[in-house]
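Student: Protein sequence lines correspond, in order, to chains A and B.
All residue numbers for the first sequence refer to numbering that gives the first Met the number 0, where the first residue is 0 and numbers rise by one.
All residue numbers for the second sequence refer to numbering that gives the first Met the number 0, where the first residue is 0 and numbers rise by one.
Treat the hints with caution; some may be incorrect.
Just so you know, same-sequence chains aren't split out, so a pair can sit in one copy or run between any two.
[As the list claims (entries may be wrong)] Only pairs whose alpha carbons sit at most 20 Å apart, straight line, appear in this in silico PhoX-like list of lysine-lysine: (1) Lys-245 to Lys-119; (2) Lys-218 to Lys-92; (3) Lys-229 to Lys-50; (4) Lys-224 to Lys-177; (5) Lys-89 to Lys-50; (6) Lys-2 to Lys-138; (7) Lys-74 to Lys-2; (8) Lys-119 to Lys-2; (9) Lys-50 to Lys-74; (10) Lys-71 to Lys-218; (11) Lys-119 to Lys-205.
Hints listed in this document are in silico derivations from the structure and should not be mistaken for laboratory results.
All figures in this text were calculated on a predicted structure; none of them were measured in a lab.
2 protein chains.
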Amino acid sequence: MMKVGYIQFHPLFGEVDYNRTHTLELIHQRADADLLVLPELCTTGYLFTDKTELERLAEFIPEGKSTKAWIKIAKETNTYLVAGICEKTKDGKFYNSSVLIGPEGYIDTYRKIHLFNTEKNFFSPGNGPFKIYDIGIAKLGMIICFDWAFPELTRILALNGAEIICHPSNLVLSFAQKVMLARSIENRVYTITANRIGDDIRPSSKLIFTGESQVTSPKMEILLKASVDKEEIGVVEIDPLLAQNKMITANNHIFLDRRVELYQPIINHNELEK
Amino acid sequence: MMKVGYIQFHPLFGEVDYNRTHTLELIHQRADADLLVLPELCTTGYLFTDKTELERLAEFIPEGKSTKAWIKIAKETNTYLVAGICEKTKDGKFYNSSVLIGPEGYIDTYRKIHLFNTEKNFFSPGNGPFKIYDIGIAKLGMIICFDWAFPELTRILALNGAEIICHPSNLVLSFAQKVMLARSIENRVYTITANRIGDDIRPSSKLIFTGESQVTSPKMEILLKASVDKEEIGVVEIDPLLAQNKMITANNHIFLDRRVELYQPIINHNELEK
Numbered sequence: 000m001m002k003v004g005y006i007q008f009h010p011l012f013g014e015v016d017y018n019r020t021h022t023l024e025l026i027h028q029r030a031d032a033d034l035l036v037l038p039e040l041c042t043t044g045y046l047f048t049d050k051t052e053l054e055r056l057a058e059f060i061p062e063g064k065s066t067k068a069w070i071k072i073a074k075e076t077n078t079y080l081v082a083g084i085c086e087k088t089k090d091g092k093f094y095n096s097s098v099l100i101g102p103e104g105y106i107d108t109y110r111k112i113h114l115f116n117t118e119k120n121f122f123s124p125g126n127g128p129f130k131i132y133d134i135g136i137a138k139l140g141m142i143i144c145f146d147w148a149f150p151e152l153t154r155i156l157a158l159n160g161a162e163i164i165c166h167p168s169n170l171v172l173s174f175a176q177k178v179m180l181a182r183s184i185e186n187r188v189y190t191i192t193a194n195r196i197g198d199d200i201r202p203s204s205k206l207i208f209t210g211e212s213q214v215t216s217p218k219m220e221i222l223l224k225a226s227v228d229k230e231e232i233g234v235v236e237i238d239p240l241l242a243q244n245k246m247i248t249a250n251n252h253i254f255l256d257r258r259v260e261l262y263q264p265i266i267n268h269n270e271l272e273k
Numbered sequence: 000m001m002k003v004g005y006i007q008f009h010p011l012f013g014e015v016d017y018n019r020t021h022t023l024e025l026i027h028q029r030a031d032a033d034l035l036v037l038p039e040l041c042t043t044g045y046l047f048t049d050k051t052e053l054e055r056l057a058e059f060i061p062e063g064k065s066t067k068a069w070i071k072i073a074k075e076t077n078t079y080l081v082a083g084i085c086e087k088t089k090d091g092k093f094y095n096s097s098v099l100i101g102p103e104g105y106i107d108t109y110r111k112i113h114l115f116n117t118e119k120n121f122f123s124p125g126n127g128p129f130k131i132y133d134i135g136i137a138k139l140g141m142i143i144c145f146d147w148a149f150p151e152l153t154r155i156l157a158l159n160g161a162e163i164i165c166h167p168s169n170l171v172l173s174f175a176q177k178v179m180l181a182r183s184i185e186n187r188v189y190t191i192t193a194n195r196i197g198d199d200i201r202p203s204s205k206l207i208f209t210g211e212s213q214v215t216s217p218k219m220e221i222l223l224k225a226s227v228d229k230e231e232i233g234v235v236e237i238d239p240l241l242a243q244n245k246m247i248t249a250n251n252h253i254f255l256d257r258r259v260e261l262y263q264p265i266i267n268h269n270e271l272e273k
């Protein structure tokens, strides 16, 4: 058994020091948790309007201040953290990333592979591979926000052994939460969606984020669900072993029953582009 | 625009003549529909207990009485029909199948590829391929009941051009309806789930089927939903062209945004069996 959960809060756009400090306060409040997931881009806010903002607000991983602060608190609280962060690299690229950090220090970064809407103007897409992290008490996989829409990614993470899908998000609609329930049962995994709340009000645009962070189970249960607009930390005890049991009935193994030999589209991906 | 829907009713186990006649009465009631989907195994009932029952109740396709009756009514009413039927073949096999029949006659049969629980004791699994049927006003794909749990199948049908997924079902839980909503948005397709109601009470077992037949849209709307226990025909007008538009945002094509080159599990299917 382990305690897992989400931290739902309102990052202020551009206020990286405030946001980082606030995540540390919130993590401290649930130092009893084994795993906490924080929202996408939770140090910067979401609604970038030009690349100079990215240059100013993005951080190196793991040398940046936020990753270093999370490494410190993960050690102090003996907690694993998955947190969305705006990453910059030495070769001048920017990624919409999530870091996995544990009591033992920095572990790895996942760079979002399915960029949403205008994110394509600012971020480079990640290029995998999709890794699984065995943290001893469970095996974790990471996806970010709009990755929810692509069943292939969570499927592969689950096939590779992920028991818990960590899902930092900045959602404005409520599709993802419903689809993550489908991801849970079709792969028999837990999912933790950590969404933000509040708005990003920028000179030319505005977005309101809609909370409802949630934890779902391999049996398609919603174990925890947050409000649409309140800062909330949700923590629930789960048994990761349940996600190793892929029998959806006495006679159906949800992976071995796949008819992989038949899963060939007639039309290939390249033809779609014509 | 076209009128599509489901016929939700209570097939009586083993009463093939009654069940067939009843489907004809119900189809006649909505002769204005362009496409009607009927439940899985709707001529026989679901809960087979031995193979002699299958031998007695299954039908050849298209020479069997049920397919012939549906061919006749499809012509009379100018309606396309998708109906679940217990199929037998000349080589002594049985399939959990669905037939597609139109005003022009018998079109094709889909044999369920993901057999549920004890169905494995009675039916051979289908072996594809997964075909798409262009009926002029729309392109159709077929899946049956537990196929809902495998995102690959609906994904492939949609990649191959299906605008409407026809889904004859015999559901006892309510997972499938929620997951079919996910199938709708992740593929931007319509889905029509035709579930049955009532119970199959057999010497050694009993199942209660739970209705809630539904039609969902590419925007993840529930356009129509039936009760859990009433005989109902639901028909709604839809625009199949909406399912050709795969742009989920101005910058996201739900198929072209797939990162097919990255979708490779590390663990292969065979290794799972060890």
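Student: Run every hint past the structure and note whether it holds.
Tutor: We went through each hint and held it up to the structure:
Proximity of Lys-245 and Lys-119 under a CA criterion of 20 Å is satisfied inter-copy only: 17 Å between copies versus 36 Å inside one chain copy. For a Cα distance limit of 20 Å, the shortest separation of Lys-218 from Lys-92 qualifies neither inside one copy, at 40 Å, nor across copies, at 34 Å. Taking the shortest alpha-carbon separations for Lys-229 and Lys-50, neither the intra-copy value of 31 Å nor the inter-copy value of 58 Å comes in at or below 20 Å. Taking CA atoms no more than 20 Å apart as the test, Lys-224 paired with Lys-177 passes in both settings, with 12 Å inside one copy and 17 Å between copies.
Proximity of Lys-89 to Lys-50 under the C-alpha cut-off of 20 Å is restricted to the intra-copy arrangement: shortest distance 15 Å within a copy versus 67 Å between copies. When the C-alpha separation of Lys-2 and Lys-138 is checked against a cutoff of 20 Å, the pair qualifies only within one copy, where the shortest distance is 14 Å, while the shortest distance between copies is 47 Å. Taking identical chains as interchangeable, the C-alpha atoms of Lys-74 and Lys-2 lie at most 20 Å apart only when both belong to the same chain, with a minimum of 16 Å there against 60 Å between chains. Taking identical chains as interchangeable, the C-alpha atoms of Lys-119 and Lys-2 are never at most 20 Å apart, the minima being 35 Å within one chain and 38 Å between chains.
For a Cα distance limit of 20 Å, the shortest separation of Lys-50 from Lys-74 qualifies neither inside one copy, at 34 Å, nor across copies, at 62 Å. Taking the closest pair of Cα atoms, Lys-71 and Lys-218 never come within 20 Å of each other, the shortest separation being 35 Å inside a single copy and 44 Å across copies. Within a single copy, Lys-119 and Lys-205 get their C-alpha atoms as close as 18 Å, which meets the 20 Å cut-off; across copies the closest is 54 Å, which misses it.
Hint check: violations occur at hints 2, 3, 8, 9 and 10; the rest are consistent with the structure.
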